[in-house]
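Visitor: Following the hints, position chain L against chain E.
As they're listed, the protein sequences go chains E and L. Once you know that position 463 of the first sequence is 544 in the numbering used here, the rest is easy, because the numbers rise by one and skip nothing. Once you know that position 50 of the second sequence is 758 in the numbering used here, the rest is easy, because the numbers rise by one and skip nothing.
These are computed hints drawn from the structure, not numbers from a lab. Keep in mind the model is a prediction, meaning the values are calculated, not measured. C-beta: ideal position from N, C-alpha, C; glycine also. Treat the hints with care, since some could be wrong.
What the hints assert, rightly or not - Cβ pair distances, simulated, as ranges:
hint	chain 1	residue 1	chain 2	residue 2	range
1	E	Arg336	L	Leu849	30 to 36 Å
2	E	Gly523	L	Leu982	42 to 48 Å
3	E	Ala152	L	Leu849	35 to 41 Å
Claimed, not checked - Some chain L residues near chain E, calculated using beta-carbon distances under 8 Å:
hint	residue
4	Val908
5	Phe909
6	His928
7	Gly985
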Amino acid sequence: MLELADVRKRFGGVVALNGVSFSLRAGEVHALVGENGAGKSTLIKILCGIVKRDGGNIVLDGESYEPHSPADAKAHGIQVVHQEFNLLPYLSVAENICFEDIPRKRFGVVDYKAVYEKARQALTRIGLDDIDVRRPVETLGVAHRQLVEIARALMGESRILILDEPTATLTARETERLFAIIDGLRAKGVAIVFVSHHLNEVFANCDRVTVLRNGESVMTADIADTTQEKLVASMVGRQLAAQMAEIRKLDASSRIALALKNFRHPASPHADGVSLDLRYGEILGIAGLVGAGRTELLRSIFAADLPLSGTLERDGQPRSYTSPKAAIRDGIGFLTEDRKEEGLILAMSIAANVSLANLRKISRAGLLDAGAETQLTEKLGKEIKLKYGKTADPASTLSGGNQQKVVLAKWLANDPKILLLDEPTRGVDVGAKAEIYALLRGLADKGLALLVVSSELPELITLCDRILVMSKHRIAGEVAREDFSEERILSLAYKDENNHGRH
Amino acid sequence: MDATEFNSASTGSLGTTAKTVLREAGIGIALIVLIIVFSLSTQHFLTSSNVTNILTQVTINLVLSIGMTFVILIGGIDLSVGSVLAFAAVVAGTVMTLPGLDPSVAVMLATASAVAAGILFGLLNGLVSAWWGIPSFIVTLGTLNVARGAALQVTGASTIYSFPAAFNAFGSQTIYGVPVLFLIALLLVAVGWFVLTRTVFGRVLYGIGNNEEATRLAGHNVFFYKVAAFTICGAAVGIGAIIYMARLNIASPIIGIGFELNAIAAVIIGGTSLNGGRGSIIGTLLGACIIGVLANGLILLGLSDFMRQMITGFVIILAVILDKYRERLTKA
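So here's chain E without its partners, still in its complex pose:
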């Protein structure tokens, strides 16, 4: 009933979708899988009318489908349950569920009796009859909010229901309930698109699966005809891995740059925290699922969030940084996961971004030396092969890969000894990825200690000398270079996942 052919989308310099084809039949549950940044979210946004595609065709029931707005998509019977909640926290459950079409009496007065009745019916339909529909949504836990969101999406007569990571916040019992609801909808002929990171859920509940990689649909198969290994292989792709396979020689006797003992971020539920050693010249990878506490670990090392307990030793000396400023003074740099929110100041010039973390170097007695700033930017730009027009151009004029290089240059300008890198190639196209890998390796060869967090396993496997796998804010295991394999890393990452819901 829904046919996508060669759908394309660009955001500025970044290609988000580069030819996605995908079909959906009535009464099927179709899984959409792929790594972070593969284009799943963009595809969903196109289907529900939030963004417009640049190219390709979408046909719905034999007619061309061009949604102009989310309301338009809903009118066509397409409903989406987004990953982020779209609930109004201070309104009641019932008001939220009926928000799109509030029953009213004369003169536009809300008919609360009908609102509550409708909401109760909607919740009963998904098997949730144990919550008071008059309660404000903010008093509910995340799992219940998710279910309310689903009930709301099912209010309209939807023929296509898109679920974006619906189980991420659910416990095992609620997940089961959700799949029972999905089964019921499938029986009624509703087509369901199911986006998930959890492959076991995909195999247990879906009929077909489509894999996205780097904005392209690389395979579609019946669940019965494929295996978990095949899916993983097509999700990550092999090309890049082969290209960067040469092994770096690491001096095992080099000094320890950073040592953590029982280091604990405030969000970590475990008192034992994280312990690790990072040596000069080493690239240490940290793998793990979303929410495993990897970003939090880096933030607490950098004192972006202050650690709750544990010790940090720098060159063998105990330190406790009270602000990012102190960490930077001690030779640490932190390339954040979210470039636009935390890394780059898009509206400011390339030069201003490069110098932001070391304004001291390009100033005298508090006065900026514009010449020195330009010089510094040009010198670093050359080193990292930055492609730009002028150093005075705003950073927003650069492509994703070059923006990331600017952030890297900001830290390199400081002559750091340790670099913390959170998803260093997110939103970066394949060509620029290889360049950034080469850059990072060059830095390690110069003796810098690198701690790399990434959700892309091939990235860690090509780049790192050693990989630690985190799960629920703890180190679940360590994998040495000789033993690198995605299966091994994933099995460690999923170790605690098997007890999903019983914590």
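Guide: Relative to the frame of chain E, chain L by itself:
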């Protein structure tokens, strides 16, 4: 692919440089157009006495707007400036009229105490909003009332006058028709411009206004800079209070009502974004001049007070709408 990327980056740069220049030039052009329109439609607009008059009227708003620019650049707002101006004025007026002081000592002490009073409230605004993360809109709405109440309390709601004669004369002095007080304001414009564009301090303020978290993670003490911006605004208000006294030769607890709105209007008309991170002191200077020229020109055209108020209001809205289009241009 590499070649196209390079090309798109370089054409983008040409465009953006032109756009940046156009932004301030646009405000300047608007000012010139206003001046031309008024000088063609009224006889008195371009006479030297009227120019002196306009510059005198612009002066206080300009001084307050300079301080306001610092606060708005970091994404804040200061609604208390009008009340703080009154408080600083009555403090300075009390000091200046203390019995037994040598006139020059009295003026110096009064100036220092006005600036100190302004800084005190600036610190209060900055510390409270930055420490607890409270929107400065609310905090300064509070200090707006605190300062006004304090000014009335200190004076028992009475007006202070009979300042030293030399002080009163200084306020109406001109050099080649330009009021000395306006020259002082211009000096402050120069200082503000220098600080914002040529110092590390100014650079970090822009950084905070654009992306506070990125600036913090780059190792800057965001708290300090936020408090500093409000303190600078307070100091400007203190200077504004002394200028007010020199010009009108009184200090009253009911002066300055609504001044905050004129200052905000000048900053916004001058092209500074209410979201912070974008704007300049030169823009603010032009914005304050537009408001002054508009007010004066409309009087000369014989419009009523009420009409003038309406027109000025529309101009503020128009400026913000134009800013939206500028924003879109820069983003595209």
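Visitor: Confirm or reject each hint.
Guide: Hint by hint, here is what the structure shows:
no.	hint	in the structure
1	Arg336(E) x Leu849(L): 30 to 36 Å	violated, 56 Å
2	Gly523(E) x Leu982(L): 42 to 48 Å	holds, 44 Å
3	Ala152(E) x Leu849(L): 35 to 41 Å	holds, 37 Å
4	Val908	holds, 5 Å
5	Phe909	holds, 6 Å
6	His928	holds, 7 Å
7	Gly985	holds, 6 Å
When held up to the earlier numbered hints, the structure conflicts with hint 1 and nothing else.
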